[in-house]
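One-letter residues, chain by chain:
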Amino acid sequence: MHNLNILLLAMLISFPEFSGQSATGIRKTELIKQHATALSKSTKENNPQLQLPVFSAIITDKRSADNVTGAPFFLQQFNRVTINTGNAFDASSGIFTAPAEGFYHFSGYFLIDDYQCWTDQFLRNPVSFDVTMVKNKTNIIEVFNFPVFYAQTITYRISSTGQEFNLLLKLQARDAIRLKVSAKKCGEGREPLFSNVIFSGFKVY
Amino acid sequence: MKRRIIVLLACTGVLSQVVAQKPIAPPVKVAFSATISQPRQILFTSDANLLRRFDKIDFNELNGFDATTGVFSAPVAGVYCFIFNISYTNYGCSGGPTTFNVTLVKNNEDQETFRLPVWYGSGSSSEGFTALVQLNKGDRLELKSLAVFCTQSGSNRPSVNKVIFSGYKIN
Chain A
165 MHNLNILLLA MLISFPEFSG QSATGIRKTE LIKQHATALS KSTKENNPQL QLPVFSAIIT
225 DKRSADNVTG APFFLQQFNR VTINTGNAFD ASSGIFTAPA EGFYHFSGYF LIDDYQCWTD
285 QFLRNPVSFD VTMVKNKTNI IEVFNFPVFY AQTITYRISS TGQEFNLLLK LQARDAIRLK
345 VSAKKCGEGR EPLFSNVIFS GFKVY
Chain B
2 MKRRIIVLLA CTGVLSQVVA QKPIAPPVKV AFSATISQPR QILFTSDANL LRRFDKIDFN
62 ELNGFDATTG VFSAPVAGVY CFIFNISYTN YGCSGGPTTF NVTLVKNNED QETFRLPVWY
122 GSGSSSEGFT ALVQLNKGDR LELKSLAVFC TQSGSNRPSV NKVIFSGYKI N
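Line by line, the protein sequences are chains A and B. Mapped onto our numbering, the consecutive letters of the first sequence carry residue numbers 165 to 369. Mapped onto our numbering, the consecutive letters of the second sequence carry residue numbers 2 to 172.
Just to be clear, a hint being listed does not mean it is correct.
To be verified - Listed next, the in silico DSS-like pairs over lysine-lysine satisfying Cα-Cα at most 25 Å (straight line):
id	chain 1	residue 1	chain 2	residue 2
1	A	Lys299	B	Lys57
2	A	Lys348	A	Lys299
3	A	Lys299	A	Lys344
4	B	Lys163	A	Lys334
5	B	Lys138	B	Lys163
6	A	Lys301	B	Lys145
7	B	Lys30	B	Lys107
8	B	Lys30	A	Lys334
9	B	Lys163	A	Lys348
10	A	Lys334	A	Lys344
11	A	Lys344	B	Lys163
12	B	Lys30	A	Lys299
13	A	Lys301	B	Lys163
14	B	Lys163	B	Lys107
15	A	Lys299	B	Lys163
16	B	Lys57	A	Lys334
17	A	Lys334	B	Lys138
Said to hold, decoys possible - To give an idea of the chain A side of the interface with chain B (calculated C-beta under 10 Å), a few residues:
id	residue
18	His269
19	Val307
20	Leu331
21	Asp339
What the hints assert, rightly or not - Partner residues are not named here, just some residues of chain A that face chain B (Cβ under 8 Å, in silico):
id	residue
22	Phe237
23	Tyr273
24	Ser292
25	Asn309
26	Gly326
27	Asn330
Honestly, the hints are just simulated from the structure, not real lab data. Since the model is a prediction, treat every value here as computed from it, not as a measurement. Heads up, the beta-carbon is just placed ideally off N, CA and C, and yes, glycines get one too.
Model the full structure from these sequences, guided by the hints.
Now the structure itself:
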């Protein structure tokens, strides 16, 4: 019986998924951590896959991308971090700091209100919802001009449209990645509101 | 006795796993990212030349990507993730978006067509897609485009402003 206990313990260490935890959401992160701690240090060093950082953070409240000045501003104060293996993402500042040199896949999703106006301005001065990926405070990696939909009239409930981007980057250790947003309201009561932001990323190699 | 044999066999299995836990070889790194940074006119036809002649390569581990032809040749077999980003002028129709179709072509066979929306008005919009593709060593993957004609196009000349094509091997 004693042997059987040892066997079961060994199996739980070797195969943490046998512990009956669900492999969804945050639980999945815990599984990865458990697996990592169960292995010896030398094994971890020889298996870089176990050390790859993964993060996913969300904004759940409605915010405006027009901060009056018209200048892009950093996306900060994420409401919740659902995955943060390696603790490379800071929810307060919205900064992901690369722990090591390598290739990183980033994704961003924005639910943007359909606040576009149908005026002459629409043709001459288009309204877009701009998301900028910034490296190390000032280095602009990419600007995404997301289209903003036309809402029939503000008396109707304004609907929202999801837009997303994906980007593969080669980063050096300690490179800091974050997002800026900017958009102009197209008329009174038509604020560039956005909600349900998901910013996520992981180290590929 | 029977149970002891079973436990012994099971233990042997676990032990052999522990003993056989050799260092795992680091993954073969295959990753590329290339950019078309200068505006190009969009022709309203199937265009196999538009998404070629990339003028900037950010990285190209194992040299799988050919910037001139726009073809990625898999240096090793595996599942690959491809990321496509494009920015083009809003040359769509006033009644609703038209589409700019981008097709993934593997070994000269169409795999999947992504119908990216083109909006009406001025300025430009960013669109894109990601796709997972299984490739054998030497398989060729490239892109071709088909811009849908729209008689009510906006005042801007239909053009691609920027393209980023990236990919990496997942496993």
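Structure-based check of all given hints:
About 19 Å separates the Cα atoms of Lys299 of chain A and Lys57 of chain B, which keeps this hinted pair within 25 Å; it holds. At roughly 24 Å between alpha-carbon atoms, Lys348 of chain A and Lys299 of chain A fall within 25 Å of each other, so this suggested pair holds. For the given pair, Lys299 of chain A sits about 11 Å from Lys344 of chain A by alpha-carbon distance, which is consistent with the 25 Å threshold. A hinted pair counts as satisfied when its Cα atoms are at most 25 Å apart, and Lys163 of chain B with Lys334 of chain A qualifies at roughly 19 Å.
The suggested pairing of Lys138 of chain B with Lys163 of chain B is violated, with an alpha-carbon distance near 30 Å, which exceeds 25 Å. Proposed proximity of Lys301 of chain A and Lys145 of chain B is contradicted: the alpha carbons are some 36 Å apart, above 25 Å. With a C-alpha separation of about 21 Å, the suggested pairing of Lys30 of chain B with Lys107 of chain B holds against the 25 Å cut-off. Between Lys30 of chain B and Lys334 of chain A the CA atoms are separated by roughly 12 Å; this keeps the pair inside 25 Å, and the hint holds.
A distance of roughly 23 Å separates the Cα atoms of Lys163 of chain B and Lys348 of chain A; the hinted pair therefore holds under the 25 Å criterion. Distance restraint check for Lys334 of chain A and Lys344 of chain A: the Cα-Cα separation of roughly 20 Å lies within the 25 Å cut-off, and the hinted pair is therefore satisfied. About 20 Å separates the Cα atoms of Lys344 of chain A and Lys163 of chain B, which keeps this hinted pair within 25 Å; it holds. For the hint linking Lys30 of chain B to Lys299 of chain A, the alpha-carbon distance of about 23 Å falls within 25 Å, and the restraint holds.
About 23 Å separates the Cα atoms of Lys301 of chain A and Lys163 of chain B, which keeps this hinted pair within 25 Å; it holds. A distance of roughly 23 Å separates the Cα atoms of Lys163 of chain B and Lys107 of chain B; the hinted pair therefore holds under the 25 Å criterion. Distance restraint check for Lys299 of chain A and Lys163 of chain B: the Cα-Cα separation of roughly 20 Å lies within the 25 Å cut-off, and the hinted pair is therefore satisfied. Between the alpha carbons of Lys57 of chain B and Lys334 of chain A the distance comes to roughly 14 Å, so the proposed pair stays at or under 25 Å and holds.
Straight-line distance between C-alpha atoms of Lys334 of chain A and Lys138 of chain B comes to about 24 Å, which keeps the hinted pair within the 25 Å bound. Below 10 Å, beta-carbon pairs count as interface contacts, and His269 of chain A has one with chain B at about 7 Å; its hint therefore holds. Interface restraint check for Val307 of chain A: the shortest CB-CB distance to chain B comes to about 8 Å, inside 10 Å, so the restraint holds. This hint holds: Leu331 of chain A has a C-beta 7 Å from the nearest C-beta of chain B, less than the 10 Å allowed.
A cut of 10 Å between beta carbons decides the hint on Asp339 of chain A: the least distance to chain B is about 14 Å, and the hint is violated. For Phe237 of chain A, the suggested interface contact is broken, since its CB lies about 19 Å from the closest CB of chain B, more than 8 Å. Given hint, Tyr273 of chain A at the interface with chain B, is violated; its Cβ is 12 Å from that chain's nearest Cβ, farther than 8 Å. For Ser292 of chain A, the interface hint holds, since its Cβ comes within 8 Å of a Cβ in chain B; the closest pair sits about 6 Å apart.
The interface hint given for Asn309 of chain A is met, as the beta carbon of that residue sits about 5 Å from the closest beta carbon of chain B, less than 8 Å. Given the 8 Å rule on beta carbons, the hint for Gly326 of chain A is violated: about 13 Å separates it from the nearest Cβ of chain B. Here the hint on Asn330 of chain A is kept, as its CB sits about 5 Å from the closest CB of chain B, short of 8 Å.
Going through the hint list in order, the structure does not satisfy hints 5, 6, 21, 22, 23 and 26.
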